[in-house]
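Add chain B to chain A, keeping to what the hints say.
There are 2 protein chains.
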Amino acid sequence: MNETFLQACRGEKTDYTPVWMMRQAGRYLPEYQKVRGTIPFLELCKHPELCVEVTLQPLRRFAMDAAILFSDILIPIEAMGAELSFHEGQGPIIANPCRDAETVEQLKIADPEQDLPFVQETVRLLRSELDVPLIGFAGAPFTCATYLIEGGSSKFFYETKKLMFTQPGLFHRLMDKISETVIRALKAQAKAGAQALQLFDTWAGILAPCDFEIFALPYVQRIFRKLRDLNVPLIYFANNGATLLDMSARAGAHVIGIDWRTDIGDAIGKAGRLAVQGNLDPLALLLPQEELKERIGRLLGGARDACGHIFNLGHGIHQLTPPDQVRLAVDFVHELSAR
Amino acid sequence: MNETFLQACRGEKTDYTPVWMMRQAGRYLPEYQKVRGTIPFLELCKHPELCVEVTLQPLRRFAMDAAILFSDILIPIEAMGAELSFHEGQGPIIANPCRDAETVEQLKIADPEQDLPFVQETVRLLRSELDVPLIGFAGAPFTCATYLIEGGSSKFFYETKKLMFTQPGLFHRLMDKISETVIRALKAQAKAGAQALQLFDTWAGILAPCDFEIFALPYVQRIFRKLRDLNVPLIYFANNGATLLDMSARAGAHVIGIDWRTDIGDAIGKAGRLAVQGNLDPLALLLPQEELKERIGRLLGGARDACGHIFNLGHGIHQLTPPDQVRLAVDFVHELSAR
Numbered sequence: 009m010n011e012t013f014l015q016a017c018r019g020e021k022t023d024y025t026p027v028w029m030m031r032q033a034g035r036y037l038p039e040y041q042k043v044r045g046t047i048p049f050l051e052l053c054k055h056p057e058l059c060v061e062v063t064l065q066p067l068r069r070f071a072m073d074a075a076i077l078f079s080d081i082l083i084p085i086e087a088m089g090a091e092l093s094f095h096e097g098q099g100p101i102i103a104n105p106c107r108d109a110e111t112v113e114q115l116k117i118a119d120p121e122q123d124l125p126f127v128q129e130t131v132r133l134l135r136s137e138l139d140v141p142l143i144g145f146a147g148a149p150f151t152c153a154t155y156l157i158e159g160g161s162s163k164f165f166y167e168t169k170k171l172m173f174t175q176p177g178l179f180h181r182l183m184d185k186i187s188e189t190v191i192r193a194l195k196a197q198a199k200a201g202a203q204a205l206q207l208f209d210t211w212a213g214i215l216a217p218c219d220f221e222i223f224a225l226p227y228v229q230r231i232f233r234k235l236r237d238l239n240v241p242l243i244y245f246a247n248n249g250a251t252l253l254d255m256s257a258r259a260g261a262h263v264i265g266i267d268w269r270t271d272i273g274d275a276i277g278k279a280g281r282l283a284v285q286g287n288l289d290p291l292a293l294l295l296p297q298e299e300l301k302e303r304i305g306r307l308l309g310g311a312r313d314a315c316g317h318i319f320n321l322g323h324g325i326h327q328l329t330p331p332d333q334v335r336l337a338v339d340f341v342h343e344l345s346a347r
Numbered sequence: 009m010n011e012t013f014l015q016a017c018r019g020e021k022t023d024y025t026p027v028w029m030m031r032q033a034g035r036y037l038p039e040y041q042k043v044r045g046t047i048p049f050l051e052l053c054k055h056p057e058l059c060v061e062v063t064l065q066p067l068r069r070f071a072m073d074a075a076i077l078f079s080d081i082l083i084p085i086e087a088m089g090a091e092l093s094f095h096e097g098q099g100p101i102i103a104n105p106c107r108d109a110e111t112v113e114q115l116k117i118a119d120p121e122q123d124l125p126f127v128q129e130t131v132r133l134l135r136s137e138l139d140v141p142l143i144g145f146a147g148a149p150f151t152c153a154t155y156l157i158e159g160g161s162s163k164f165f166y167e168t169k170k171l172m173f174t175q176p177g178l179f180h181r182l183m184d185k186i187s188e189t190v191i192r193a194l195k196a197q198a199k200a201g202a203q204a205l206q207l208f209d210t211w212a213g214i215l216a217p218c219d220f221e222i223f224a225l226p227y228v229q230r231i232f233r234k235l236r237d238l239n240v241p242l243i244y245f246a247n248n249g250a251t252l253l254d255m256s257a258r259a260g261a262h263v264i265g266i267d268w269r270t271d272i273g274d275a276i277g278k279a280g281r282l283a284v285q286g287n288l289d290p291l292a293l294l295l296p297q298e299e300l301k302e303r304i305g306r307l308l309g310g311a312r313d314a315c316g317h318i319f320n321l322g323h324g325i326h327q328l329t330p331p332d333q334v335r336l337a338v339d340f341v342h343e344l345s346a347r
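If you're matching them up, the sequences are chains A and B in order.
Residue 9 is where the first sequence starts when you use our numbering, and the numbers rise one by one after that.
Residue 9 is where the second sequence starts when you use our numbering, and the numbers rise one by one after that.
Keep in mind that the hints were calculated from the coordinates and are not lab data.
Heads up, a few of these hints could be off.
You can't tell identical chains apart in this list, so a pair holds if it fits in one copy or across any two.
Only pairs whose alpha carbons sit at most 27 Å apart, straight line, appear in this in silico DSSO-like list of lysine-lysine [said to hold, decoys possible]:
id, residue 1, residue 2
1, Lys42, Lys170
2, Lys301, Lys170
3, Lys54, Lys199
4, Lys163, Lys42
5, Lys234, Lys301
6, Lys116, Lys170
7, Lys278, Lys21
8, Lys54, Lys278
9, Lys42, Lys234
10, Lys199, Lys301
11, Lys195, Lys54
12, Lys195, Lys234
13, Lys54, Lys42
14, Lys116, Lys234
15, Lys163, Lys199
16, Lys42, Lys195
17, Lys301, Lys21
18, Lys199, Lys234
19, Lys54, Lys170
20, Lys116, Lys54
Keep in mind it's a predicted model, so treat the numbers as computed, not measured.
Chain A on its own, in the form it takes in the complex:
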């Protein structure tokens, strides 16, 4: 078992900088596209054997130091009662958006054993196949709330902020329910064998810091507090969260994920004694090889003083990324950091 990733999460000294990439199991891989050609995305997420297959695909090609469970941040949200569907090129749609007391009350707190058995089954199957750690994950409550309220993705998040600003009590009630679902889902993943847990806060960055502090951070803190006893590394990734970093560092995670907009040296200053994960611009993987290596070199240099660094992208890998560039990046991180 290669424990480099877990060591870095714990801030221990490692032989080299471990690497994984957000969405490493995804559309940039022809073998993933092949599986997806046979089954719609949402069905794939509920099919343990195929989830195992696509989780393993990048590990067969690249020397990744961690695997991440193939699933979607909205899977537990569907289990709460959201009528979820995915449409090619459109992102998720929730047919019954949640904007009033009645629809919030109708949401149930999901029971992972009953509602999400396929997730735990995927985790169990993966653990018997993997020789690197397996990361479980969920969407952070604020991000899940935006999908529930908007009924999908959004440009301005008008409905979310309208609810937040005009009915804060109801917004908090919704966040309570989502948080409890996320806690249960992540505990079940850990119980099934997930060796680290990441909260993805994809849309945290649409909030002013003063609103993040009131409407999002307390729920992330609650979740991590409840997961702390599991003794697995906890990772918090607040996308586009440069101005939220001070607060993210107080979220209760062991590792702070950094998007590509922030200089990693600056992020480390704010992360204090936490490990950091990141943060190459996913599209910098398009750079010619020498420039890509140079940029990776600067990133590793910038992360020199981190209390643990896990190399990652600053966001999910883009579907048009050439797999050979991914290999180059992974191998070069290993090579340079091992010197």
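Same frame as chain A, but now just chain B:
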């Protein structure tokens, strides 16, 4: 003539904090919708009398301390040869995206006198009507380049970064041409009577700081250097630019616009001796009156130590904003800051 806005731009002491709002002439006003019902957006931008009308509409309702020319950041780009159109709810489309040497060479540097006479005519007509300063504007080169390269708006800006990373010489050539066009367009606006000039860098925030420094900042600096002699305040707004603020402060502008993600106190620390403009979350205008006042109070308090503060939103006003909330905000800024 109410010069409060210009005084704040110059860092002079003012009797109260001046206010204007990005997109203050826009769809949240029924009288604007009425005009738009009679004419497509792009035609409206080329019709001086109607541009004057919609520019004045918010000033009839609210005690704004500045007017901003009604136009679009892509108007000079169309004059370069982009086949521009706007489709309801879709944003701009450029039918001939610019991704290779041939299409870049075909772009011409626009001549405002010949290609954009309607802009200068609008400015001239407005000056004879206004008793507050008139702001002229253009899109910053990087933002204009994203539209030209993507052929419209984008989620990941794959084509832009691909060009930037794989053909940097061609990317810089494109930026050269756009910058020269922007310089000419803004000089013509100032000559026609614009009393301040703002560069909107809507998409600067998709760049890692190291890329902003190489691919975007030098062009903004060049433009401001060429405009410095006009002796009008120059404003730079890099949207979602929290991690670019140190560099934005070196762009050569007199005023730095701040989006709502950054605490204004932090921004002021980085703006140094420049004035700041911002930065209420546009959707915070949905807050109940007392909470809205409290938030404005905190914002004004946070801006206390600025070398000049112009109250504004942190982005364009949302089309579903109740006009009465805009009035409340404008009047309360004036009332509280005059005490």
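- Message: Hint compliance check: list the failing hint numbers for this structure, sorted ascending.
- Response: 5, 8, 9, 10, 15, 16, 19
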